[in-house]
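For the record, the sequence lines run as chains A and B.
Residue numbering for the first sequence follows this note's numbering, beginning at 14 and increasing consecutively.
Residue numbering for the second sequence follows this note's numbering, beginning at 14 and increasing consecutively.
Check the hints yourself; a few may be wrong.
For identical chains, the list gives no copy identity; a pair is met inside one copy or between any two copies.
[As the list claims (entries may be wrong)] Under the rule of at most 35 Å between Cα atoms (straight-line distance), these lysine-lysine pairs were calculated in the DSBU-like manner:
| no. | residue 1 | residue 2 |
| --- | --- | --- |
| 1 | K506 | K20 |
| 2 | K512 | K588 |
| 3 | K122 | K506 |
| 4 | K20 | K275 |
| 5 | K275 | K88 |
| 6 | K302 | K275 |
| 7 | K164 | K78 |
| 8 | K88 | K512 |
| 9 | K20 | K324 |
Source of the hints: derived by calculation from the structure; they are not laboratory data.
Computed from a prediction, not measured in an experiment: that's the story for all the values here.
Residue strings, one per chain:
2 protein chains.
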Amino acid sequence: MMLRTHKCGTLTKANVGETVVLNGWVQRRRDLGGVLFIDLRDRSGLMQIVFNPAFSGEALETADKCRNEYVVAVKGKVVERDPSTVNPNLPTGEIEVQVTEIEVFNGAKTPPFFIEDGVEVDESVRLKYRYLDLRRPEMQRTLMLRSKAAKVFRDFLDANEFVEVETPILTKSTPEGARDYLVPSRVHPGEFFALPQSPQIFKQLLMVGGMERYYQIARCFRDEDLRADRQPEFTQVDIETSFLSQDQLLTIMEELTAKLFKETVGYDVPTPFQRLPYAEAMGKYGSDKPDLRFGLELVDVSDVVSSSGVKVFASVVAGGGMVKAINAKGCATWSRKELDDLTPFAARYGGKGLAYIVVKDGEWKGPIVKFLSPEEIAALTERLGAEEGDVLLFSADKAKVVHDVLGNLRLKLGRDLGLINESEFRFAWVVDFPLLGWDEEAGRWVAEHHPFTRPHDEDLPLFETNPGAIRAQAYDLVLNGYEVGGGSMRIYKRDVQEKMFSALGLTMEEAREKFGFFLDAFDYGTPPHGGMAFGFDRLVMLLTGRTNLRETIAFPKTASASDLLSGAPSEVDEKQLQQLSIRVAPQQKPEPVKQG
Amino acid sequence: MMLRTHKCGTLTKANVGETVVLNGWVQRRRDLGGVLFIDLRDRSGLMQIVFNPAFSGEALETADKCRNEYVVAVKGKVVERDPSTVNPNLPTGEIEVQVTEIEVFNGAKTPPFFIEDGVEVDESVRLKYRYLDLRRPEMQRTLMLRSKAAKVFRDFLDANEFVEVETPILTKSTPEGARDYLVPSRVHPGEFFALPQSPQIFKQLLMVGGMERYYQIARCFRDEDLRADRQPEFTQVDIETSFLSQDQLLTIMEELTAKLFKETVGYDVPTPFQRLPYAEAMGKYGSDKPDLRFGLELVDVSDVVSSSGVKVFASVVAGGGMVKAINAKGCATWSRKELDDLTPFAARYGGKGLAYIVVKDGEWKGPIVKFLSPEEIAALTERLGAEEGDVLLFSADKAKVVHDVLGNLRLKLGRDLGLINESEFRFAWVVDFPLLGWDEEAGRWVAEHHPFTRPHDEDLPLFETNPGAIRAQAYDLVLNGYEVGGGSMRIYKRDVQEKMFSALGLTMEEAREKFGFFLDAFDYGTPPHGGMAFGFDRLVMLLTGRTNLRETIAFPKTASASDLLSGAPSEVDEKQLQQLSIRVAPQQKPEPVKQG
Numbered sequence: 014m015m016l017r018t019h020k021c022g023t024l025t026k027a028n029v030g031e032t033v034v035l036n037g038w039v040q041r042r043r044d045l046g047g048v049l050f051i052d053l054r055d056r057s058g059l060m061q062i063v064f065n066p067a068f069s070g071e072a073l074e075t076a077d078k079c080r081n082e083y084v085v086a087v088k089g090k091v092v093e094r095d096p097s098t099v100n101p102n103l104p105t106g107e108i109e110v111q112v113t114e115i116e117v118f119n120g121a122k123t124p125p126f127f128i129e130d131g132v133e134v135d136e137s138v139r140l141k142y143r144y145l146d147l148r149r150p151e152m153q154r155t156l157m158l159r160s161k162a163a164k165v166f167r168d169f170l171d172a173n174e175f176v177e178v179e180t181p182i183l184t185k186s187t188p189e190g191a192r193d194y195l196v197p198s199r200v201h202p203g204e205f206f207a208l209p210q211s212p213q214i215f216k217q218l219l220m221v222g223g224m225e226r227y228y229q230i231a232r233c234f235r236d237e238d239l240r241a242d243r244q245p246e247f248t249q250v251d252i253e254t255s256f257l258s259q260d261q262l263l264t265i266m267e268e269l270t271a272k273l274f275k276e277t278v279g280y281d282v283p284t285p286f287q288r289l290p291y292a293e294a295m296g297k298y299g300s301d302k303p304d305l306r307f308g309l310e311l312v313d314v315s316d317v318v319s320s321s322g323v324k325v326f327a328s329v330v331a332g333g334g335m336v337k338a339i340n341a342k343g344c345a346t347w348s349r350k351e352l353d354d355l356t357p358f359a360a361r362y363g364g365k366g367l368a369y370i371v372v373k374d375g376e377w378k379g380p381i382v383k384f385l386s387p388e389e390i391a392a393l394t395e396r397l398g399a400e401e402g403d404v405l406l407f408s409a410d411k412a413k414v415v416h417d418v419l420g421n422l423r424l425k426l427g428r429d430l431g432l433i434n435e436s437e438f439r440f441a442w443v444v445d446f447p448l449l450g451w452d453e454e455a456g457r458w459v460a461e462h463h464p465f466t467r468p469h470d471e472d473l474p475l476f477e478t479n480p481g482a483i484r485a486q487a488y489d490l491v492l493n494g495y496e497v498g499g500g501s502m503r504i505y506k507r508d509v510q511e512k513m514f515s516a517l518g519l520t521m522e523e524a525r526e527k528f529g530f531f532l533d534a535f536d537y538g539t540p541p542h543g544g545m546a547f548g549f550d551r552l553v554m555l556l557t558g559r560t561n562l563r564e565t566i567a568f569p570k571t572a573s574a575s576d577l578l579s580g581a582p583s584e585v586d587e588k589q590l591q592q593l594s595i596r597v598a599p600q601q602k603p604e605p606v607k608q609g
Numbered sequence: 014m015m016l017r018t019h020k021c022g023t024l025t026k027a028n029v030g031e032t033v034v035l036n037g038w039v040q041r042r043r044d045l046g047g048v049l050f051i052d053l054r055d056r057s058g059l060m061q062i063v064f065n066p067a068f069s070g071e072a073l074e075t076a077d078k079c080r081n082e083y084v085v086a087v088k089g090k091v092v093e094r095d096p097s098t099v100n101p102n103l104p105t106g107e108i109e110v111q112v113t114e115i116e117v118f119n120g121a122k123t124p125p126f127f128i129e130d131g132v133e134v135d136e137s138v139r140l141k142y143r144y145l146d147l148r149r150p151e152m153q154r155t156l157m158l159r160s161k162a163a164k165v166f167r168d169f170l171d172a173n174e175f176v177e178v179e180t181p182i183l184t185k186s187t188p189e190g191a192r193d194y195l196v197p198s199r200v201h202p203g204e205f206f207a208l209p210q211s212p213q214i215f216k217q218l219l220m221v222g223g224m225e226r227y228y229q230i231a232r233c234f235r236d237e238d239l240r241a242d243r244q245p246e247f248t249q250v251d252i253e254t255s256f257l258s259q260d261q262l263l264t265i266m267e268e269l270t271a272k273l274f275k276e277t278v279g280y281d282v283p284t285p286f287q288r289l290p291y292a293e294a295m296g297k298y299g300s301d302k303p304d305l306r307f308g309l310e311l312v313d314v315s316d317v318v319s320s321s322g323v324k325v326f327a328s329v330v331a332g333g334g335m336v337k338a339i340n341a342k343g344c345a346t347w348s349r350k351e352l353d354d355l356t357p358f359a360a361r362y363g364g365k366g367l368a369y370i371v372v373k374d375g376e377w378k379g380p381i382v383k384f385l386s387p388e389e390i391a392a393l394t395e396r397l398g399a400e401e402g403d404v405l406l407f408s409a410d411k412a413k414v415v416h417d418v419l420g421n422l423r424l425k426l427g428r429d430l431g432l433i434n435e436s437e438f439r440f441a442w443v444v445d446f447p448l449l450g451w452d453e454e455a456g457r458w459v460a461e462h463h464p465f466t467r468p469h470d471e472d473l474p475l476f477e478t479n480p481g482a483i484r485a486q487a488y489d490l491v492l493n494g495y496e497v498g499g500g501s502m503r504i505y506k507r508d509v510q511e512k513m514f515s516a517l518g519l520t521m522e523e524a525r526e527k528f529g530f531f532l533d534a535f536d537y538g539t540p541p542h543g544g545m546a547f548g549f550d551r552l553v554m555l556l557t558g559r560t561n562l563r564e565t566i567a568f569p570k571t572a573s574a575s576d577l578l579s580g581a582p583s584e585v586d587e588k589q590l591q592q593l594s595i596r597v598a599p600q601q602k603p604e605p606v607k608q609g
């Protein structure tokens, strides 16, 4: 076996004259009048190797049989290329290797697609032949950056006294475990483990256990109906701390984030990050994960139009709803069709329509203009900064609908109007999430984050008067319109925990039954603690400029939770099931699991 | 919330005069004539805090209500202790904090055991209250060393161009998956994922994918009957490389190992490690994971006694067995009972007995002596270096039994006779494992490692003549009698793979059916590759001087694969099972799964 002395991509003119051995794959070959040129590829890059009857002897014959993706070892001398054949696009483009010996490690069938970037091939083919797809430089770069990102996380956390602790993958199913993957136990027939949706319980127990600063790059599992950007198993950088305030924690996490972006892609993230209260995020951007790379804010005009001649405005405001508007600057050139398309767009997000006013030729135009009073027009002009050439877009509905419609419209306009600086990474913390949300169906309050999320101290009296207004010490890290992390400070005081359970309609006894050993642990001296988790797959996706989580994972699953490479999941031996004391039940349609 | 300014264990005399805030747990309290002394504990250590009516005011009253494991914040001034109360056993023993303010974060029930090292309590209680057990300094140290060990592995591998790649946990069940944990799929009724017993297939696919150097600190799963030193989920440092020879790989792994021991426990491991062929390891030590901290080698005396008057010796040798001996130096003082106890000891390992000769008072004594000729005695004296005061111990049987019996006897004697330097870490590679083993039951050859293990090139002709003699390019890393890692170079040439399958009684077609997509991948240009895995839990166990893998894992499972903390595994909702299209089958005794 001819073992390599050098790597393809790392040879330079400094090596000229040396005899080297390279190992790699045949990327492409050209036969120029009996002289054979092969681009040899390894992880480090490409090197042109030359077979010439003048110096290659029998090696030329062997090389002539090599096709794309053959794996070979070659020995030869590094020489400068003839100036006319220098390839300035290749880092090694000034040199080549004159081969005197070749060993074919292995042949290769013709691959189903070319091993190069930007290859046009159906994703399912790429996933089925993932071992070939991974040879493409783009995938290699992504996985290497992913590895680097993990390293930066770990180095920073280690330097800041976080201890990496592995928590179990075979855990206990929770009462709300509708999305749990279950694992039958052979040793305990009829009993099951569950795969963790997150290490939440264990990381809090580690704080009870005095670990003070914990992290883990943890695999998590969620058996849900998959959307384009979800995977049944995903990775999060999981963090928990004791004896810190929210502000102290967020400051450390900002430093960590800045270091991550600096060291992986050389990007300088300014710190501290903007802290955006949830109410403000929803109000201005219609989203709890706003893309802050552009303005185009939502403007509340409810007060202006509350007694408007535009009946729908007035009645929505009277009914407790709101009217908000976006000023689409310079869009008065939109065609009738573009304006009409706004209605189905709004409908997609539950809106009944989008009223518009075109400011053009010094006039306000559009179906609702005639119902507006001059005072209303004046007030809207000022409130929205309306000028010649603008289009004013109005949504009137319940707050949720208005924010969904205009929030998404804002994103669309941001993209369509080229308002987004694609090379910017714009971070913010969305803070002060509501602690509780009203579940219409169940007719009761539910925890928006989880039942152990700590409310702000100053909001504690609201448990008695206005639970919906209690702000949680919960926070999301948002980046360019994506949630890339989130967490909360946790309740550590028994009286607060009791108030929380009571708001959720649970007595302490019922809570104990539901949360069992976890709540027991809290009786033995629980420190103030809190933490967060970064969505590692998504961060890598954004760092590498990909648009799909699957591109960031070596062996991902499809949207229907299948592995096209191995064929998992699959049927198994009846004997295996017998050993596990389970059997397959008559087939039934899988019920959708409720999102949320 | 009074946030800490310092950590308990890090204050020194340099801080005298400063006002500090500490957060931590009450380790113990002493009331000395109205002055209250509390040892406050956080992760960094202990600090004595003092409540005195002279300076503590109301804080004394509050502190007086605090019991062990209360979590508190205190503010006060760092002062030097009165010389008479300096505690030289405590790093912070020269100072104390005079408390002026206290905030009780949380009370605590009386813990079921003291939070201190060397606590005498049943392990099941420790596991049930693991969150308290983890507060003990011993557990904190172990988990921190584990974290550090992972860091050293990663830093070294990263510096050596290994890419960390995460491989799936939800994988495909294999035909030999008797020990697979299965996971029913909700989306694909009647189909199952399997949890990986190792990332073997994926790491080899990564090599096919051109990754060249891969690593992962990977969770693995094996549903087997548990022994004291196994866990259903365990962690291995998983490594695979391309384009390296076995020797190159082992050299890198030695460097890695040496760095691990240096940086975690300050131990200098000499490199290179001894390379011990399997045959020699078995021959001299009766084990493929010999403890090399002491000699006491097995000596083959088959030739000496092949026509001995000791009939059992002669007949065993004639029947293809062997006779080996150990010289237990200086053991002639053994009592009759000690000698008699050797028989049941041998029986435990399948031996029919242990013949002994006591060299005492210038004579050879023992039941077999009278059947030995003077020539045999002379030869044995020389071969075994027999001297006054020795006991010669003989086992005669099939090689496997002799090695089991004498190998274990050697270990026992090593311990009993104090031959082991307990502070030494003695590494070796056991190499040249047999490629194939004869399965009596099945009447055919089976792969000793796995069917993709590469044989030595020079042994290839033996496929035709003597398959049992083929040496594999497989290696184990052994340390003080434990296997702490192992791996192999893999077959990358199709003709060798065909020979291997053929030896295993498989046609290429049958092999394709059995190994499916994995074998397909090998058709597209597979590089020469090989790797290994370190048993991370066991390494941490040896590094920390523990004797039980559970001590190295934050939340381990018991020998019956239960989590005493959470109560996993457990029964689950019928509805959950319905969604997964499975049901629990009538209970049946779990069948033991064959080891090996």
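- Item | Hints that the structure is at odds with (numbers, increasing) | Hint check: 5, 7, 9 fail, others pass.
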